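Protein chains: 2
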Amino acid sequence: MPVNSSHTLLTGITKQDPRAIGRAISVVENNLSDAAEILAGLDPKRIENALVLGITGPPGAGKSTLTSSLISELRRRNKRVGIVAIDPSSPISGGAVLGDRIRMMEHALDKDVVVRSMATRGRLGGLCASAGATVRIMAASGCDVILIETVGVGQSEMDIIRLADITIMVLAPGFGDDIQAMKAGLLEVADFLVVNKYDLPGADALRMEMQQIFVQKEEESNIPRVLETIASENSGIKKLIDSLHSFEAYIETNSIKTKRRHEALDSETLDWIFEILRPRFTEQLKKDSNPQQTDPRIRAQQLIANTPNG
Amino acid sequence: MPVNSSHTLLTGITKQDPRAIGRAISVVENNLSDAAEILAGLDPKRIENALVLGITGPPGAGKSTLTSSLISELRRRNKRVGIVAIDPSSPISGGAVLGDRIRMMEHALDKDVVVRSMATRGRLGGLCASAGATVRIMAASGCDVILIETVGVGQSEMDIIRLADITIMVLAPGFGDDIQAMKAGLLEVADFLVVNKYDLPGADALRMEMQQIFVQKEEESNIPRVLETIASENSGIKKLIDSLHSFEAYIETNSIKTKRRHEALDSETLDWIFEILRPRFTEQLKKDSNPQQTDPRIRAQQLIANTPNG
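First to last, the protein sequences are chains A and B. Residue numbers for the first sequence follow our numbering, beginning at 1 and rising by one. Residue numbers for the second sequence follow our numbering, beginning at 1 and rising by one.
Just so you know, same-sequence chains aren't split out, so a pair can sit in one copy or run between any two.
When the alpha-carbon atoms are kept at most 16 Å apart in a straight line, the in silico EDC-like pairs for lysine to aspartate or glutamate are as follows:
| id | residue 1 | residue 2 |
| --- | --- | --- |
| 1 | LYS286 | GLU263 |
| 2 | LYS287 | GLU263 |
| 3 | LYS259 | ASP288 |
Simulated from the structure, these hints should not be mistaken for lab results. Nothing here was measured: the structure is a model prediction, and the numbers come from that model.
Generate coordinates for the entire structure from the input sequences, incorporating the hints supplied.
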């Protein structure tokens, strides 16, 4: 189909044609034959310059609402915005979930907002790889900022967050003990912590608790790292974006951004490696459906020895 | 050290010695030299007979409280109980988080309650493998029921849930849109849905919504699948356990349990495969620290070709 040739798609991406962008993402996500050609043809300068924001947090913290407010404010500042929504639902519901969310609807007709959602459930790996490629296509289509939104408590979601230049963790009052369990993980992964639903009881205590965790990071860069929002009222959003841009300048000058991009590439590569190897081993497991060996570790060693690399 | 030889540990496991159990889990989790010998020496009959329950749900739904109530009721029924708590925190906080949770403290001195927590964050795979081995050791030490508790929205947490014979998803009112996003995934993974915090507003509506989703499953087995609890008041717990035991009988008579155990073994084996391969590829990535190839898929193919299997 010449209409979908990689050359046509690449031209379409540069011209910001939504259909070409969508089609190119599908080609890359499903690893169709033109995938490599498309990825190789994307404008590297645009990819380098785009800012990739990771937005994560537990269900109910208000990530979608915050994401929507961020989009509105970024559009007000004339930025073209991409959104990769990592969706914990089954592939049965496809990419429809995000579209269903009422708050995203207001951006549906804006051609400078590019939305793509990806299901995690039922997918056998490869999510990080697909998300990485999607981010690049969006960047090459002129998106200045790309938001990756994910429900962030799982390991695979955390792997995706490694694709981001800057990571924002969204919390809200009322999660009780589970916040304690996340504490140490927060520091490891989050550059910014947003206490959303700041009008709810307990918000102030949560902010203070978080500020103690982030005190060292704040001193390093001299940029506030714990911010409060009421995303449903667009409150606190401007300050959040200003802080994000200050932090962007900070990570650009001291090469943190470059280092993070390298790590992202490694992470994607490792994901691709498993994406390529997984079907080979799943096939082997099927053949070995009535295993003699019931110690899974020894069975794994045997399967590796019997599965060719190439 | 003869005191920790696998033979001594195996004898200790059979005698329900807490130190031997803990040490054996560490040996297996860290894949030390005696791991295979320990796993091969565990009583297969006890492993077969134990019931493995997976408890999952978003943060704040009250999983820990529910788990604690389940333990109390199971102990009242004279069952020996194991708990594998999958902890989303960093390894920095180690296994201390669960121990810190006040509600678990009441079981701390009960020698028929065996607790082990495992961190997901910072761990490079292998969680499913470790959890599977831990479940087996607990079962071999005479645990009748083993609960695997995990914060369930991520893919790796879902992989762990595959180790369970029966999976319970815990929800509570007030999660808004995110519940919608989880809907399709629920059916795929959950045998039972517990609406916890049933005294909160919105609980009834949530239960009715869930009942619509589970109607077909209920008709299949004629066992209630959507149950309400107020775990903090031990309300609804007896009925939940009765339903779980009815369902256990159901999956035993129609071979679902056997099929699930086979799938669990496959899942663990695949996890071990990646556990074994991951360090090899991470090593290769390090050597290739300034990659010529910036398309991660092509780079992955090159690395696979250059990494020997054996």
